[in-house]
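Participant: Here are the chains, one letter per residue:
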Amino acid sequence: MLRYVFRRLLMMIPVLLGVTIVIFTLMYIIPGDPAVAILGSQAEPWEYEALRETMGLNDPYIVRLLRYLAQVYTRFDLGTSYLSGVSITTELAGRIPHTLTLGFFSVIVSVFIGIPLGIQAATHAGTWRDWLPLTISLIGVSMPGFWLALMLVLAFSVKLGWLPAYGMGGLKYWVLPVLSGAFGGLANLAKQTRSSMLDVLYSDYIVMARAKGMPERDVIYKHALPNALIPIITIMGSTFARMLGGGMLTETIFSIPGVGYYMVKSVNNRDYPAVQGSVLLLSIVFTFVMLLTDIVMAFVDPRIKAQFASRAAKDQTKQAKPKGAAA
Amino acid sequence: MSEDKFLKVEDLNVHYITTEQDVFAVNGVSFEMTRGKTLGLVGETGAGKTTIARAILGILPNPPAKVMGGKIYFEGRNIFELSEKDMLDIRGNKITMIFQDSMTALNPVITVGEQIAEVVELHNGGDKAAAKQRAIEMLETVGIPAERYVEYPHQFSGGMKQRVVIAIALACEPSLLLADEPTTALDVTIQAQVLELMKELNEKNDTTTILITHDLGVVAEMCDEVAVIYAGQIIEHGSLEEIFDYPMHPYTNGLFGALPSMKEDENDDRLHPIAGLPPDPTHLPEGCYFSPRCPYVTEECRHGDIPVTEIRPGHQIKCLHPQEVK
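Quick mapping for you: the protein sequence lines, in order, are chains H and P.
Quick note on the working numbering: the first sequence kicks off at 19 and runs consecutively.
Quick note on the working numbering: the second sequence kicks off at 227 and runs consecutively.
Bound conformation, chain H alone (with noise of 0.2 Å):
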């Protein structure tokens, strides 16, 4: 187990590799002129020239690049901001928490409302308490978060004046940038729970734990619950992932100071270093989730455990080989 988050560890280097570059290069190719973002429409040519210059935005795209690679994992650096000359790697350090406290309460509030929902549907399906919590899901799956943020918003805190419709504070600044970050997920969550509920709780071993004398409760979540979390946890890594891209949107009308809002001002500025910054910060935080979905998966599923056995045992017989071909 261990080998094999090392070797995910490992393999997590060239996917970056590869994120740095395709960044780079679509930043490369987009139109638009960060002296010109820098200096205004109104400076003469000259200024512009000479900035282009300093900025080193006239050598050739290669030469950029490697300069790039090089400055990011050779000294971990990001650069600084076209437009306010502060570190990103320090900007992007005071935004991440909130981005990471924003996905990771909503995956939390969908997983605890979704798998419930999900588990209940299941095991009345047919009945209203299957249709009612399906209909909910059709409808959060069909609205889009920015949507529903807004009518939230609405809602609570310019109707209802209840919680706050923006920015940062105390908890209840969380409560409305959570929901409408969660409901999404939450009925993503919903549906997979109760589809795989549904494909476990009429296989031969749930007929066989109720064979035992054992009451619905436990046959429900003892025995079908872990079969069917699979599919269930691969959708919440998704699920997390898709808050930290969508949360782009969520911060950006709850004004939250996070990487997500801080890449939207970016992209407008064509501050290309934050952009690529935030982007490469993003890209770490999901495969770190996938491995951790992965890990977590193997932990519920000792077959997925087993295979992970299996090719480590396999790695150790072919370095053993040679040794043995030698003696």
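Heads up, some of the hints might be wrong.
[Claimed, not checked] As a list, the in silico DSSO-like pairs of lysine-lysine whose alpha-carbon atoms are at most 30 Å apart: (1) H:K240 x P:K320; (2) P:K297 x P:K354; (3) H:K323 x P:K354.
Calculated from the structure, these hints are not laboratory results.
Start from chain H and add chain P according to the hints.
Facilitator: Only chain P this time, still in chain H's reference frame:
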């Protein structure tokens, strides 16, 4: 409670009800069993054998299955009138079941040992240590080394899984064992082992067994009594010797006729399948359910209810034209 009333099934009717159609799975099944005997329920796939067993254990999937009528007395009590709590106490403890498909009957994410210990713990008042001890004991009884307690079902072969399923069924020393095709999924060599094991344990614990199978060889090996099921009805019921030596129902005769024989027969070197197919359980024929396939059918077979008659002592048959083939 008299001995002969150990298990009594009276006019059991089970239907599977869906919005599209009703499946008539079990249609008026009655039989009695005395303690310590083994009854073979024989019939084709889909004849309702498994449904009968699941009805006795009270684990029919509801919906769609629904008990439409009948009573099942177990140790003198009608199990349909028992509370769910009382049934939980009986299930896995006094009445247990060996499942047909051992490949899917074990939970893939729980260790084999825990799956045995679990049933013990449910019925010994929650004593974990004792349950584990018992589970290890059961593993060894079915010939699996105790150190494999912590392994998962995917690490076991088919035969070993089936033995685990048997260990689960026998861990609480049930008084009634429902064995649903316990050997069908197994290789012949392992089949013999498993049957031997079941026989041994049953004799030791004086367990009453209902053995569901379509393998007449297994029946001959294991059973005291035989009931032949066709389209959810018992069409012939008697002691093993009666049924095997004097089969009277045309369907039972057909079953024996469909067996390959090792005896040299001058002009009989082919198998004799029963013509036609079992009736569609959503649209059962009127009168005798076997009438469309029966070579001896007459007009009266096609109307009304066919009575059960005792044709010889301890040999009941649901047929108007019993045939003696010798």
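Participant: Enumerate the violated hints, using their earlier numbering and listing them in ascending order.
Facilitator: Structure breaks hint 2 only.
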